[in-house]
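Build the complex from these two chains, which are given one at a time in their own frames, with help from the hints.
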Amino acid sequence: MKGNWYMYLLILAIISVPFASATEIHGNFKETGTISSDWFETFHLNMTESGKVLDVKITTDKNVDFYLLTKTQYYDEFLNVTSISFSYEDARENARDYEWRGNGDYYLVVDNMNYSSTGAKCQGPVNYTIVVKLENKGIYDDIVDNIGYVLCGSVIIVAIATGSWLYKKPKLEEVLKK
Amino acid sequence: MIILFGVKKKNFTYNAYASRYCEKCGRDTKHYLFLQKRAFSIFFIPLIPLGTKKYMVCAECKNVVPVKEFPRKEDIEVVKTPERKN
Ligand SMILES: [Zn+2]
Numbered sequence: 001m002k003g004n005w006y007m008y009l010l011i012l013a014i015i016s017v018p019f020a021s022a023t024e025i026h027g028n029f030k031e032t033g034t035i036s037s038d039w040f041e042t043f044h045l046n047m048t049e050s051g052k053v054l055d056v057k058i059t060t061d062k063n064v065d066f067y068l069l070t071k072t073q074y075y076d077e078f079l080n081v082t083s084i085s086f087s088y089e090d091a092r093e094n095a096r097d098y099e100w101r102g103n104g105d106y107y108l109v110v111d112n113m114n115y116s117s118t119g120a121k122c123q124g125p126v127n128y129t130i131v132v133k134l135e136n137k138g139i140y141d142d143i144v145d146n147i148g149y150v151l152c153g154s155v156i157i158v159a160i161a162t163g164s165w166l167y168k169k170p171k172l173e174e175v176l177k178k
Numbered sequence: 001m002i003i004l005f006g007v008k009k010k011n012f013t014y015n016a017y018a019s020r021y022c023e024k025c026g027r028d029t030k031h032y033l034f035l036q037k038r039a040f041s042i043f044f045i046p047l048i049p050l051g052t053k054k055y056m057v058c059a060e061c062k063n064v065v066p067v068k069e070f071p072r073k074e075d076i077e078v079v080k081t082p083e084r085k086n
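Protein sequences appear in the order of chains A and B. One point on numbering: in the working numbering, the residue at position 175 of the first sequence is 175, and numbering is uninterrupted. One point on numbering: in the working numbering, the residue at position 52 of the second sequence is 52, and numbering is uninterrupted.
To be clear, the hints were calculated from the coordinates, so they are not data collected in a lab. Just so you know, not all the hints are guaranteed correct.
[Claimed, not checked] Label-pair distances were calculated between CB atoms; the ranges are:
| # | chain 1 | residue 1 | chain 2 | residue 2 | range |
| --- | --- | --- | --- | --- | --- |
| 1 | B | Lys9 | A | Cys152 | 22 to 30 Å |
| 2 | B | Thr52 | A | Cys152 | 23 to 31 Å |
| 3 | A | Ile147 | B | Tyr21 | 21 to 29 Å |
Backbone N, C-alpha and C fix where the C-beta goes; we use that ideal spot for every residue, glycine too.
Bound-form chain B, shown alone (with noise of 0.2 Å):
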């Protein structure tokens, strides 16, 4: 018997933007909020959570940034637009 298994990822995005250095683009730009959540999976059915990771996405290149922790409230800047899709 074949068992299939592998990693399920789903990704959020939030229309949270903080000012960074983006190394691509040489300069500051927006970066919004991405969050990355992972689950070991059988089957594809999810059965053991792995974790979440969290990234900042150049707004202006779309440069993925691995971060430990997003900024604090006061540093974000929420945007009232439909979010994007991922």
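Bound conformation, chain A alone (with noise of 0.2 Å):
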């Protein structure tokens, strides 16, 4: 019996991992906390709205790894115990300071473990602020967004005007010495 007591603490220990909480972000939002030795904080960045883009800035006392996820990368990868390693959006390293801009289903992790061998050594709690500001899209945005269309668009114009200048006969008295 008291052998089995051990195993369900193991299993409870096991399964309470995947259930770590994400923090909702959907718009405006600002918060200051602590994250635990050996723990990490999860931000779940999900901009529903169009037209708008999530400026998120968040800052330690101390250094921590930053890792911005997909929501598959975050519960099949990052939370799946069994798993060695894992794959990313976005990673800062031995980062205080992180910036991030952009629209989509995202998840940012602030990462207090010695998780990745190369990152960031647990010092003891950290303290965190995060600033996350729903702007509206500048024509930056814009363009980055359609710059495809944008390009396509430019090389159409230059075609167009190149092409009507080569196959465009001068006038002869345009082209005589003056």
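Here it is as structure tokens:
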């Protein structure tokens, strides 16, 4: 019976990891908190409003690792106790500042564990401040989002201009010596 | 991916003649004005104009001579016939 107790504790410890809760962020948000030693904090950045972007700034008082993950990368790889590695969209090792701008559905993990061998070593509890601003998309963001269309449009305009120059016969008076 | 690039050329001739010495014929002959426009192209689509080149072509032997400038209007004889095909 006593042996079973340890088994229950172990199972509980394993299944509790995937239920590590993520702070849901959909818009303007500000929070200050502490991450215990050998633990991590997750912020779920979910942008649903079109035409807006999330401007995320997060700072910590000690070196930590930041990971930007997709839903699959977060649940199937990062939280998966059986996986030995995980992939990510972006990572900053030993960083104390993280700025991220964009939309979509991402999980921002502040890692105060010794999860990655090259990353920051845990130096005790970490205090963090996260500020998220929901901002209107600027013309720059629109251009970046539509870079393919902008490029195609530019090529078509340049091709029409160059083509009409190339195939237009200049009048005789225009080419003669003045 | 293969990127096809090259120089696209478009030739124009004028029914305008000027008399000048032809080295091939060894005498003064009629030369007509010939203009070539060139553009850098990718996949046969002209994208960057590369400029215009001027030539004078001997009407007798078709010898092509590049020139910096065409003659003045008063030194040109314009012939009213259908323009030659390129
Ligand atoms: Zn000749």
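Here is how each hint holds up against the structure:
no.: 1; hint: Lys9/B x Cys152/A: 22 to 30 Å; verdict: 26 Å, holds
no.: 2; hint: Thr52/B x Cys152/A: 23 to 31 Å; verdict: 29 Å, holds
no.: 3; hint: Ile147/A x Tyr21/B: 21 to 29 Å; verdict: 57 Å, violated
Of the numbered hints stated above, the single one contradicted by the structure is hint 3.
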